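Asks: In the order they appear, the protein sequences are chains A and B. Numbered according to our numbering, the first sequence spans residues 1 to 117. Numbered according to our numbering, the second sequence spans residues 1001 to 1112.
Possibly wrong hints are sitting among the right ones.
Stated by the list, open to error - Using 25 Å as the maximum straight-line C-alpha spacing, the simulated DSS-like pairs for lysine-lysine come out as follows:
(1) A:LYS67 - A:LYS13
(2) A:LYS59 - B:LYS1032
(3) A:LYS74 - A:LYS59
(4) A:LYS19 - A:LYS59
(5) B:LYS1079 - B:LYS1112
(6) B:LYS1035 - A:LYS59
(7) B:LYS1027 - A:LYS59
(8) B:LYS1079 - B:LYS1035
(9) B:LYS1079 - B:LYS1108
(10) B:LYS1112 - A:LYS63
(11) A:LYS13 - A:LYS74
(12) B:LYS1027 - B:LYS1112
Said to hold, decoys possible - Listed next, with one range per pair, are the computed distances between beta-carbon atoms:
(13) A:ASN55 - B:SER1026: 31 to 39 Å
(14) A:ASN101 - B:ASN1011: 30 to 38 Å
(15) B:PRO1045 - A:GLN5: 18 to 26 Å
(16) B:ARG1082 - A:LEU11: 26 to 34 Å
(17) A:SER91 - B:PRO1045: 41 to 49 Å
(18) A:LYS19 - B:ARG1044: 25 to 33 Å
(19) A:LYS19 - B:SER1081: 38 to 46 Å
(20) A:SER117 - B:GLY1046: 44 to 52 Å
(21) B:SER1015 - A:SER84: 41 to 49 Å
(22) B:ASN1011 - A:GLU89: 26 to 34 Å
Worth flagging that the hints you see were computed from the coordinates, not collected in a lab. Predicted, not measured: the structure shown is a model, and the values here were computed from it. Note that the Cβ used here is the ideal one computed from N, Cα and C, for glycine as well.
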Amino acid sequence: QVQLQQSGAELVKPGSSVKISCKASGYTFTSYDMHWIKQQPGNGLEWIGWIYPGNGNTKYNQKFNGKATLTADKSSSTAYMQLSSLTSEDSAVYFCARGNNYLFDYWGQGVMVTVSS
Amino acid sequence: DIVMTQGVLPNPVPSGESASITCRSSKSLVYKDGKTYLNWFLQRPGQSPQLLTYWMSTRASGVSDRFSGSGSGTYFTLKISRVRAEDAGVYYCQQVREYPLTFGSGTKLEIK
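Chain A on its own, in the form it takes in the complex:
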């Protein structure tokens, strides 16, 4: 069965960076996009971008250019998102989701990132 297992919660300082992971299993990792979505407390969902692990191609929401960097490791079937120059506005839950022709059909459990000094 398809599973997306995300890394644990992070408490990070303002100005630092954080890298969170999403390990895929149960399907061919290199054949589907992996999307990343942000959800701030009590707020809705915001699309960050996607990566196609098969060739490393990426597409970002312009709002997150310079903030988020998406990578993927084919050998471990793991997608990563690095967030840089963190501020309180980056405190949120971050989800990965498999993109099946733009159908977000499987989601990870989410990673809470808290930016605080």
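With chain A fixed as given, assemble chain B onto it according to the hints.
Replies: Here is chain B on its own, set in the frame of chain A:
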């Protein structure tokens, strides 16, 4: 960016009744292939969102036939028939017609 605007439900909805959730897009979501690129999700409390329907009206695998999507190019409705306690949560519409992909702000459904 395409703005997605969702309606509000008159909560709580009595169990067994129907509920209709609306979503409006600032631009037509019909692509040249004739498909309407509108998805619906349900996020139950403390859980990840779950895909309910895609291409406006196609139910995702394993989703109850109590959920049905309909609409035009810019106005959409998700109807839930015979609501149950398990249907409670926040419903989101999402457009995947063009970048950046955008979601509505969510519609909360409470069950009585």
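Asks: All hints, please: hold or fail.
Replies: We went through each hint and held it up to the structure:
For a cut-off of 25 Å, the pair hint linking LYS67 (chain A) to LYS13 (chain A) stands: about 15 Å separates their Cα positions. For a cut-off of 25 Å, the pair hint linking LYS59 (chain A) to LYS1032 (chain B) stands: about 22 Å separates their Cα positions. Straight-line distance between C-alpha atoms of LYS74 (chain A) and LYS59 (chain A) comes to about 18 Å, which keeps the hinted pair within the 25 Å bound. Restraint check: the Cα-Cα separation between LYS19 (chain A) and LYS59 (chain A) comes to about 18 Å, which is no more than 25 Å; the hinted pair holds.
At most 25 Å may separate the alpha-carbon atoms for a hinted pair to count; LYS1079 (chain B) and LYS1112 (chain B) meet this at roughly 17 Å. With a C-alpha separation of about 22 Å, the suggested pairing of LYS1035 (chain B) with LYS59 (chain A) holds against the 25 Å cut-off. A hinted pair counts as satisfied when its Cα atoms are at most 25 Å apart, and LYS1027 (chain B) with LYS59 (chain A) qualifies at roughly 21 Å. At most 25 Å may separate the alpha-carbon atoms for a hinted pair to count; LYS1079 (chain B) and LYS1035 (chain B) meet this at roughly 20 Å.
Distance restraint check for LYS1079 (chain B) and LYS1108 (chain B): the Cα-Cα separation of roughly 14 Å lies within the 25 Å cut-off, and the hinted pair is therefore satisfied. The suggested pairing of LYS1112 (chain B) with LYS63 (chain A) is violated, with an alpha-carbon distance near 40 Å, which exceeds 25 Å. Restraint check: the Cα-Cα separation between LYS13 (chain A) and LYS74 (chain A) comes to about 30 Å, which exceeds 25 Å; the hinted pair is violated. Distance restraint check for LYS1027 (chain B) and LYS1112 (chain B): the Cα-Cα separation of roughly 35 Å exceeds the 25 Å cut-off, and the hinted pair is therefore not satisfied.
Range check, ASN55 (chain A) to SER1026 (chain B): about 33 Å between beta-carbon atoms, so the 31 to 39 Å window is met. In this structure, ASN101 (chain A) and ASN1011 (chain B) meet the distance hint of 30 to 38 Å, their C-beta atoms being roughly 34 Å apart. Separation of PRO1045 (chain B) from GLN5 (chain A) is about 21 Å and conforms to the stated range, judged on CB atoms against 18 to 26 Å. The given range of 26 to 34 Å is broken by ARG1082 (chain B) and LEU11 (chain A), whose C-beta atoms sit roughly 44 Å from each other.
Taking the beta carbon of each, SER91 (chain A) and PRO1045 (chain B) are about 20 Å apart, not inside 41 to 49 Å as hinted. The supplied range of 25 to 33 Å is met by LYS19 (chain A) and ARG1044 (chain B), whose beta-carbon atoms lie about 29 Å from each other. Distance hint check: the CB atoms of LYS19 (chain A) and SER1081 (chain B) are about 44 Å apart, consistent with the given range 38 to 46 Å. Between SER117 (chain A) and GLY1046 (chain B) the C-beta distance comes to about 28 Å, which lies outside the given range of 44 to 52 Å.
A beta carbon spacing of about 47 Å between SER1015 (chain B) and SER84 (chain A) agrees with the range 41 to 49 Å that was offered as a hint. In this structure, ASN1011 (chain B) and GLU89 (chain A) meet the distance hint of 26 to 34 Å, their C-beta atoms being roughly 30 Å apart.
Of the hints listed earlier, those the structure fails to meet are numbers 10, 11, 12, 16, 17 and 20, in rising order.
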